[in-house]
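Residue numbers (my numbering), protein chains in the order written: chain A, 1 to 222; chain B, 1 to 245; chain C, 1 to 64.
Honestly, the hints are just simulated from the structure, not real lab data.
Fair warning: this is a prediction, and the values are worked out from it, not measured in the lab.
Glycine included, C-beta positions come from ideal geometry on N, C-alpha and C.
Computed from the model, here is a short list of chain A residues facing chain B with C-beta under 8 Å:
hint, residue
1, 156
2, 158
3, 162
4, 165
5, 169
6, 170
7, 180
8, 212
9, 220
Estimated spans, in silico, between C-beta atoms of each pair:
hint, chain 1, residue 1, chain 2, residue 2, range
10, A, 74, C, 20, 47 to 57 Å
11, C, 20, A, 157, 37 to 47 Å
12, C, 5, B, 8, 48 to 58 Å
13, B, 20, A, 79, 43 to 53 Å
14, C, 28, B, 20, 22 to 32 Å
15, A, 125, B, 72, 42 to 52 Å
Subject to a maximum C-alpha distance of 25 Å in a straight line, what follows is the list of computed SDA-like cross-link-like pairs (lysine to any residue):
hint, chain 1, residue 1, chain 2, residue 2
16, C, 59, B, 235
17, C, 52, B, 152
18, C, 46, B, 21
19, C, 4, B, 49
20, B, 116, C, 8
21, C, 52, B, 241
22, C, 4, B, 117
23, C, 59, C, 49
24, C, 46, B, 98
25, C, 52, B, 233
26, A, 46, B, 182
27, B, 178, A, 193
28, C, 52, B, 234
29, C, 52, B, 230
30, B, 116, C, 21
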Amino acid sequence: MMQTLRYVVFRDLLLAMRRRADVATTLFFFVIVASLFPLGVGPDPKLLRVMAPGILWVGALLASMLSLGRLFAEDYADGSLEQLVLAPEPLTLVVIGKVVAHWLVSGLPLVLISPVIALQFDLPREAMVTLLLALLLGTPLLSLIGAIGAALTVGVRGGGVLISLLVLPLYVPVLIFGAGAVDASAMGMEAGGHLSILGALLLLGMVLAPWATAAALRISLE
Amino acid sequence: MKLNWFKYAAPATFYPLAGKLIPWFALAAAGLTVAGLYLSFFVAPTDFQQGESYRIIFIHVPAAWMSMFIYIVMAGWAAAGLIFNTRLSSMMASALAPTGALFTFIALWTGALWGKPTWGAWWVWDARLTSELILLFLYMGFMALHAAIDDPRRADRASAVLALVGVVNVPIIYFSVKWWNTLHQGASVSMTMAPKMAATMLLGMLVMALACWMYSIAAALARVRCIILEREQQAEWIANLGEPA
Amino acid sequence: MIWKSLDDFIAMGGYGFYVWGSYLVTAALIGAEILMLRARRRTVEKARQVQKILSEQTKHETTT
Numbered sequence: 001m002m003q004t005l006r007y008v009v010f011r012d013l014l015l016a017m018r019r020r021a022d023v024a025t026t027l028f029f030f031v032i033v034a035s036l037f038p039l040g041v042g043p044d045p046k047l048l049r050v051m052a053p054g055i056l057w058v059g060a061l062l063a064s065m066l067s068l069g070r071l072f073a074e075d076y077a078d079g080s081l082e083q084l085v086l087a088p089e090p091l092t093l094v095v096i097g098k099v100v101a102h103w104l105v106s107g108l109p110l111v112l113i114s115p116v117i118a119l120q121f122d123l124p125r126e127a128m129v130t131l132l133l134a135l136l137l138g139t140p141l142l143s144l145i146g147a148i149g150a151a152l153t154v155g156v157r158g159g160g161v162l163i164s165l166l167v168l169p170l171y172v173p174v175l176i177f178g179a180g181a182v183d184a185s186a187m188g189m190e191a192g193g194h195l196s197i198l199g200a201l202l203l204l205g206m207v208l209a210p211w212a213t214a215a216a217l218r219i220s221l222e
Numbered sequence: 001m002k003l004n005w006f007k008y009a010a011p012a013t014f015y016p017l018a019g020k021l022i023p024w025f026a027l028a029a030a031g032l033t034v035a036g037l038y039l040s041f042f043v044a045p046t047d048f049q050q051g052e053s054y055r056i057i058f059i060h061v062p063a064a065w066m067s068m069f070i071y072i073v074m075a076g077w078a079a080a081g082l083i084f085n086t087r088l089s090s091m092m093a094s095a096l097a098p099t100g101a102l103f104t105f106i107a108l109w110t111g112a113l114w115g116k117p118t119w120g121a122w123w124v125w126d127a128r129l130t131s132e133l134i135l136l137f138l139y140m141g142f143m144a145l146h147a148a149i150d151d152p153r154r155a156d157r158a159s160a161v162l163a164l165v166g167v168v169n170v171p172i173i174y175f176s177v178k179w180w181n182t183l184h185q186g187a188s189v190s191m192t193m194a195p196k197m198a199a200t201m202l203l204g205m206l207v208m209a210l211a212c213w214m215y216s217i218a219a220a221l222a223r224v225r226c227i228i229l230e231r232e233q234q235a236e237w238i239a240n241l242g243e244p245a
Numbered sequence: 001m002i003w004k005s006l007d008d009f010i011a012m013g014g015y016g017f018y019v020w021g022s023y024l025v026t027a028a029l030i031g032a033e034i035l036m037l038r039a040r041r042r043t044v045e046k047a048r049q050v051q052k053i054l055s056e057q058t059k060h061e062t063t064t
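The following block holds chain A by itself, in its conformation from the complex (with noise of 0.2 Å):
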């Protein structure tokens, strides 16, 4: 069992490293995006740091969402994701593989990225720990619940943008309690009631959402 996890994530991880420049686009829009705002609503520190949190975390989730596509598109396109279905292995061993791959893509390098992009905002350092943190426990979240997206929508028409639909409504709770733990550790207080949820949350997501995913692919592959 886990020599087929551990076989699904060196692939997908194999596939990641020939296409860099994919990976490298997910990671510099996160960069752009976050520095986008401040050229929007001016160079106020005070104000910056106010909306570092919403900022950094309203960008991870784009960024992830963005690279949700390639996770079962390309597989799709040259059929080896329907090898993958019919496999006598477990789908939802499958499914886990996959996502792990696509955290490890990109996710993990958001988080890796995140304490440069906190500095540009003037976090404090207990708030920079946070942030590490908080995107260390809601980034495998966000490729989880985008896994489900990525599965319903898989060979569809417009996929891109509908998956954007279908996922970003669910990845609120990521977003609230993941800017909450940031923000409260800014302001000097406790954050981690707030990472305690994010876990469960995780937790949670980690149990239901493979199994949903699983479900999903069997039907757009049907």
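Model the placement of chains B and C on the given structure of chain A, informed by the hints.
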């Protein structure tokens, strides 16, 4: 006498039944609307705090109730369609979606018109209004996904999965928005009515809610009849239906 | 009686715009939904009639 409910799970038997039921539900909706409007405008006393503007709640609250209730019923039909593989259940789900979205929009619209004189702003990021807005997005997603897939059976099943994911998420979204709201605004704005709401106000709201309910059933049945005809063009029983009444 | 005159009723204690704005838009939207359902119904019926004529024609052609 034993009624065979599964008999009506087939579109061919449900179609004439729905046709017979629609006028009754429509009649009930019209009657209840007249009674509800009479209660709301001529019986319910003026609110001593909000004046006459509170009369908007007689449409706002029932619409908000219906919008959430219809989403749950829609997800229930979608789940039934997914589990039992019955065509009619999925058709009911997609017949309910536009009416649910309509009530969600009405709840938002009347909420804004109620908020302007009460809070001084058209839109306040109140927990309920925000959840209602996200509910509208969920309805839009359901309908957009259904419309984007050409094969109706696949569209039914894919949107059923989405509706179920949505139904799991709605309480999470509601509580997170509520929590977010208390954090950012305090309890200063809230749509809860005064604790001792006049009994006639409550009665007016309930009668209006029943009217909306009857209307929703009539509209959903009328739409499901259209969907049945559209999808089963080729079926023999439709060819034998005869002239439209 | 709450209302002294029709004008009083329409004014809604100064909130006429908000109250009637809510109710009239609701009525208009529900009316629009009913009209859309009618139109959809008519389109389907028309398609059905065409289908019927076509199928009778083919039946006729096969028998002769």
